[in-house]
Amino acid sequence: MFRLALADIWHEKVLFFCSALGCAAVLAPLIVLFGLRQGVVAGLRAELLEDPRAREVVSVVNRTLEPALFARLGADPRIAFLVPRTRALSATIVLENPARQGSGQRVELLPTAPGDPLLPGYGAIDPDALILSITAAQRLGLRAGDPVLASVARSRGVQREILTLSMRVGGIAPIAAATRDAAFATVPVLLLTEDFLDGTVGPEARPMSETEARQRPFAGFRLYAARLEDVPALDRDLRLAGIEVASRAEAVAGLLRLDHNLALLFAAIAGAGGVGYLVSLGVGLWAQVERKRRDLALLSLLGLKRRALLGLPLIQAAAVALAGAALAFIVAAGVAGVLNRAFAGSVTGDRPVCLLTPAMGFAAAAVTLVGALVASVLAGLRAGAVAPAEGLAEG
Amino acid sequence: MTSLLSLRGVTKAYRGDAAPFALEVPTFDLAAGEALALAGPSGSGKSTLLMMLALAAPPDAGAFTFDGADIALLWRKGRRDALAELRARRIGVVPQTGGLLPYLTVAGNIALTQRIAGREDAARIRALAEDLGIAPQLSKHPAALSVGQRQRVSIARALAHRPALVLADEPTASVHPELADAVLALLKRECAAAGAALLVATHDPDRAAAAGYPILRCTTHAPGADGIARSVFARLPLAEAA
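Sequence order for the protein chains is U and W. Take the first sequence: its letters are residues 7 to 401, numbered as in this note's numbering. Take the second sequence: its letters are residues 741 to 982, numbered as in this note's numbering.
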């Protein structure tokens, strides 16, 4: 049956080429449109994703947030990373390079934990380690592995007390993590600083364990959504829960709206074009069945079964669809190349404005194939219904 | 002689060229390997009978067996695939103008019945082509053949899958007289060589008789009170004939 269907196609190769060309004429613009949507949205999305802060949601007002809230947030599948923070006023510390006496520098103390998106490549940070921002490391003349003295001072009446911790530089944070003078430390270090400033511990106190620390209430948190799409929902949910937060929810929502609108636009154009294409393919195949009625009747007379007759237009439709999809993808790839050169660097940075992948080609072929088969079913039924007697009468 | 085809009281109404016709076959037997020409004027129902015998059209009534199968029952039960299977394996057909598929080569056309029957045999195709004098044309397409060559390809196709019965519908209608004699002779010779029974519908019984075919003439009756003309094909049962 395959050989028969393909021999027929080959015999009428000009007609077949015209059909495939007609299919490609509808498909190619749709593939380009889809590539544009993918390219523009993927470009904007990548820009956002490259900045780890795009998925960041931070609480901005000091509250007393109980451990139960952190447990709940930690179990939320939309949240990929969560670290509590102490009050902002308590989160500064003076760092000093022991090799440079008098080089004390006040820096912002930021909490971190394993898997912090701001510190990619760092696993669990030792309790006595600090990850310094580039500016802080430069000002203090410190490198990874160097010892560093961290101190915080308080006044009790006329007496001035200082808590000093001998620590080491665990690494230097990427520029995107902190542009100011800052040091990332484990949560117990931040809690110790806060407790010392609150007067609840003395200068001789040392950081508690991470487990103990997590039993305490905190003033706020910094979290990262698992996906960009989760940022607006998390922002909204936390605000509804009465927690004031800052995030790039609006930018993300704008991107998602653009994606959604482009998807709608694509669906409308693809729908109209696709339906037109399917109708034209179906009608073309129907006409072909009518034209080949004598041949089909003869095949039926010679003993070809109904399902085999039904399969002939289906195989031919599949061949047209696959050839059309391949042709369309080649044309679309050419157009995408022109567009990418024309808009290079102006719309989505260095990324292609029209993004076509082999997977898209296969998907386009699969969708076209399914559509063509659906469109050809009626023609197939028509072919299957051709009476064998016509083969003798018209033979 | 064993009966390959047997019809009893078969009728089929159809619309002829002018008035409505009814085809009646009170008795009709054909033995395995036998050759017979069905003769009758144009529109007398020869092709309709051939369609029924080719299992391509159902009888309205009557008993019809072919190769041991109850064909009337298969039609009543709507078992079209079983009928197609019988057509594919046991029947060869030679339509009036050859009925070749234009997109297949001569070899492809001849092999078609073998492929459908699931009995591919390239050597038989070659042998038939040699026998029928179309071996040089095997790789050509039907459009490149003469009418006579097309008829011979059609005969080869009808015999390629070793059927029990070959049906030819006016195979000489579109060829010139000398070629008509040759076609009839070829058909008879090849079917005899293959052991296949042969039924040829013709409007020229003298030519068929000259080619050595026994003739079965139809009896036609003018429209009666019901306005229906009748064509009757009757042949003595084999036992009685013997």
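What the hints contain is simulated information worked out from the structure, not anything from laboratory work. Just to be clear, a hint being listed does not mean it is correct.
What the hints assert, rightly or not - Here's a subset of chain U near chain W, in silico, CB distances under 8 angstroms, partners left out: (1) Ala13; (2) Val20; (3) Thr206; (4) Glu210; (5) Asp301; (6) Leu308; (7) Pro394.
Note that beta-carbon positions come from the ideal geometry of N, C-alpha and C, so glycine has one too.
Comparing the hints with the structure gives:
no.: 1; hint: Ala13; result: holds (5 angstroms)
no.: 2; hint: Val20; result: violated (13 angstroms)
no.: 3; hint: Thr206; result: violated (90 angstroms)
no.: 4; hint: Glu210; result: violated (95 angstroms)
no.: 5; hint: Asp301; result: holds (6 angstroms)
no.: 6; hint: Leu308; result: holds (5 angstroms)
no.: 7; hint: Pro394; result: holds (4 angstroms)
Violated hints, in rising order: 2, 3, 4; the structure is consistent with all others.
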